Amino acid sequence: MKKIYLDHNATTPVDPRVLTAMHPYFSEVFGNPSSIHAFGREAKEALERARGRIAHLLRAGEREICFTGSGTEADNMAIKGVAHSYRNKGDHLITSQIEHHAVLASCAYLEKEGFRVTYLPVDGTGRVDPDDVRKAITDHTILITIMHANNEVGTIQAIPEIGRIAREHGVLFHTDAVQTAGKLPVDVDALNVDLLSLSGHKIYAPKGVGALYIRKGTKITPLIHGGHHEHGRRAGTENLASLVGLGKAAEIAGAERAEEYKRLTKLRDALHKKITDRIERVFLNGHPTQRIANTLNLSFAAVEGESIILSLDMEGIAVASGSACTSGSLESSHVLNAMGIIPELTQSSVRFSLGRTNTPEDMETVAEALPPIIERLRAMSPLT
Amino acid sequence: MTDRYDDKLLDHFSHPRNVGQIEDADGVGQIGDSRCGDMVKVWIKVGDDRITDVKFRAFGCPAAIATSSAMTELAVGKSLDEAAEITDDVVAQAVGGLSPDKAHCSNLGAAALYEAIMNYVVRSVERGRVGCIASEA
Numbered sequence: 027m028k029k030i031y032l033d034h035n036a037t038t039p040v041d042p043r044v045l046t047a048m049h050p051y052f053s054e055v056f057g058n059p060s061s062i063h064a065f066g067r068e069a070k071e072a073l074e075r076a077r078g079r080i081a082h083l084l085r086a087g088e089r090e091i092c093f094t095g096s097g098t099e100a101d102n103m104a105i106k107g108v109a110h111s112y113r114n115k116g117d118h119l120i121t122s123q124i125e126h127h128a129v130l131a132s133c134a135y136l137e138k139e140g141f142r143v144t145y146l147p148v149d150g151t152g153r154v155d156p157d158d159v160r161k162a163i164t165d166h167t168i169l170i171t172i173m174h175a176n177n178e179v180g181t182i183q184a185i186p187e188i189g190r191i192a193r194e195h196g197v198l199f200h201t202d203a204v205q206t207a208g209k210l211p212v213d214v215d216a217l218n219v220d221l222l223s224l225s226g227h228k229i230y231a232p233k234g235v236g237a238l239y240i241r242k243g244t245k246i247t248p249l250i251h252g253g254h255h256e257h258g259r260r261a262g263t264e265n266l267a268s269l270v271g272l273g274k275a276a277e278i279a280g281a282e283r284a285e286e287y288k289r290l291t292k293l294r295d296a297l298h299k300k301i302t303d304r305i306e307r308v309f310l311n312g313h314p315t316q317r318i319a320n321t322l323n324l325s326f327a328a329v330e331g332e333s334i335i336l337s338l339d340m341e342g343i344a345v346a347s348g349s350a351c352t353s354g355s356l357e358s359s360h361v362l363n364a365m366g367i368i369p370e371l372t373q374s375s376v377r378f379s380l381g382r383t384n385t386p387e388d389m390e391t392v393a394e395a396l397p398p399i400i401e402r403l404r405a406m407s408p409l410t
Numbered sequence: 075m076t077d078r079y080d081d082k083l084l085d086h087f088s089h090p091r092n093v094g095q096i097e098d099a100d101g102v103g104q105i106g107d108s109r110c111g112d113m114v115k116v117w118i119k120v121g122d123d124r125i126t127d128v129k130f131r132a133f134g135c136p137a138a139i140a141t142s143s144a145m146t147e148l149a150v151g152k153s154l155d156e157a158a159e160i161t162d163d164v165v166a167q168a169v170g171g172l173s174p175d176k177a178h179c180s181n182l183g184a185a186a187l188y189e190a191i192m193n194y195v196v197r198s199v200e201r202g203r204v205g206c207i208a209s210e211a
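Chains as they are written, first to last, in this note's numbering: chain P, 27 to 410; chain W, 75 to 211.
If you are wondering where the hints come from, they were derived from the structure by calculation, not from laboratory data.
Quantities reported herein were computed from a predicted structural model and do not represent experimental measurements.
Even for Gly, the Cβ is constructed at its ideal location relative to N, Cα and C.
Check before you lean on any hint, since a few could be wrong.
[Stated by the list, open to error] Here are the computed distance ranges between Cβ atoms for each label pair: (1) W:Glu147 <-> P:Lys292: 27 to 37 Å; (2) W:Arg78 <-> P:Tyr135: 22 to 32 Å; (3) W:Ser88 <-> P:Glu282: 33 to 43 Å.
Construct the entire structure; sequences and hints are all you get.
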């Protein structure tokens with residue numbers, strides 16, 4: 027049985043080209059980039075090449091790229107780092123209700139420290155109204171953090187517009203671009219952002235590396251203290267091989283992004299059509315058009331998401347759900363709840379997230395596997 | 075993913091016993107938790123104060139479906155007194171045990187069965203028959 031992976035928003039396989047690029051940096055070029063001898067210098071050169079590739083992907087300066095251990099760390103660093111650096115200027119942050127937990131939990135932590143946070147609502151498609159951002163800004167606002175695209179439903183936010191509003195009011199603006207870097211054009215000047223987070227393992231680089239773009243002149247209090255790594259912004263010897271991988275992944279994504287985006291849009295829309303042609307009462311969660319190419323979040327009325335996932339898993343197909351209990355959490359998706367989706371349909375949601383490994387044949391296989399599963403589960407459901 | 079589940083649970087999920095409903099049921103019970111999203115409905119047929127038939131429908135995760143199925147196997151043929159004493163733990167054991175995150179919201183079978191038995195008792199009382207659960211009579 028061929029296994030089909032449709033959970034690329036959770037993680038991606040390391041691209042073979044990335045793995046090849048990483049190989050020499052375990053045992054051959056192993057120096058500490060901070061060492062001044064030849065071993066160290068060679069490692070440092072590789073590290074800075076990787077930094078240059080990330081900078082190029084984001085159209086940013088190399089000094090503005092700070093490597094981290096994950097997208098989550100980049101989010102934490104941006105939010106707590108700005109809050110702690112600008113506390114004398116204000117104590118208010120603005121975010122949205124549909125952010126990744128890395129952002130929401132960082133904001134909640136700051137609330138415990140006495141900061142105030144506004145959690146903006148979204149409409150039924152998951153979009154933040156930029157006008158709501160403008161209205162929420164006060165003289166005390168020091169940071170706005172709104173994600174570029176949502177991991178569960180794929181909805182893309184009006185980041186350039188929100189960034190313009192932030193700039194008009196002299197407020198710093200961070201975006202979590204973990205789901206968009208390497209997929210959409212991510213140009214920090216076009217997006218009007220001061221800080222931007224990305225993660226390696228979402229773009230076919232290894233797990234355990236990420237990066238934070240920090241616009242020149244933006245003050246950041248470090249999360250991790252120690253040596254003078256990353257210009258004193260993030261202590262700890264850099265994860266050299268994986269960061270070389272991140273650089274290579276950024277280079278590949280930059281070169282292939284546009285073509286891949288078109289290909290994935292076609293595949294995703296084909297999958298959507300095949301499913302709705304064969305199964306009744308299927309509802310799209312997320313924006314119909316302002317949505318990243320690879321993401322399809324559907325609710326199948328009267329059946330629960332985890333039961334669909336397990337049934338597909340038994341047929342070698344991997345998808346995700348935002349429904350209850352799947353991640354040890356008893357609460358349904360905060361994203362779907364914020365979008366005003368009725369509880370029964372939030373429990374019925376399944377996320378298909380496509381990537382490089384997927385083919386048109388995969389879409390057909392999934393569309394053939396689903397109808398009997400939904401039919402079986404609906405037949406035993408007390409809901410109609 | 076299947077590693078997360080016991081084989082007994084997977085068997086009940088893939089081949090659930092006694093799915094459906096009983097049109098002329100003697101008792102009907104329903105338990106649902108909108109927060110967790112699981113809902114189970116149970117129909118029972120009673121003869122000589124024994125459960126002669128049980129059917130269920132479930133909206134929920136694999137554990138919710140499996141525990142409901144396991145409950146029906148445990149209940150069929152039991153006296154109403156015995157059936158009313160089937161606990162969540164007994165049902166959980168029948169599917170190989172449940173992890174803590176599943177134990178609360180995904181194990182509704184026993185409670186739904188109890189509701190169905192109570193429904194039968196209430197109906198019997200309304201019809202002038204004496205309630206048959208000793209502890210409840």
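Comparing the hints with the structure gives:
no., hint, result
1, W:Glu147 <-> P:Lys292: 27 to 37 Å, "48 Å, violated"
2, W:Arg78 <-> P:Tyr135: 22 to 32 Å, "30 Å, holds"
3, W:Ser88 <-> P:Glu282: 33 to 43 Å, "40 Å, holds"
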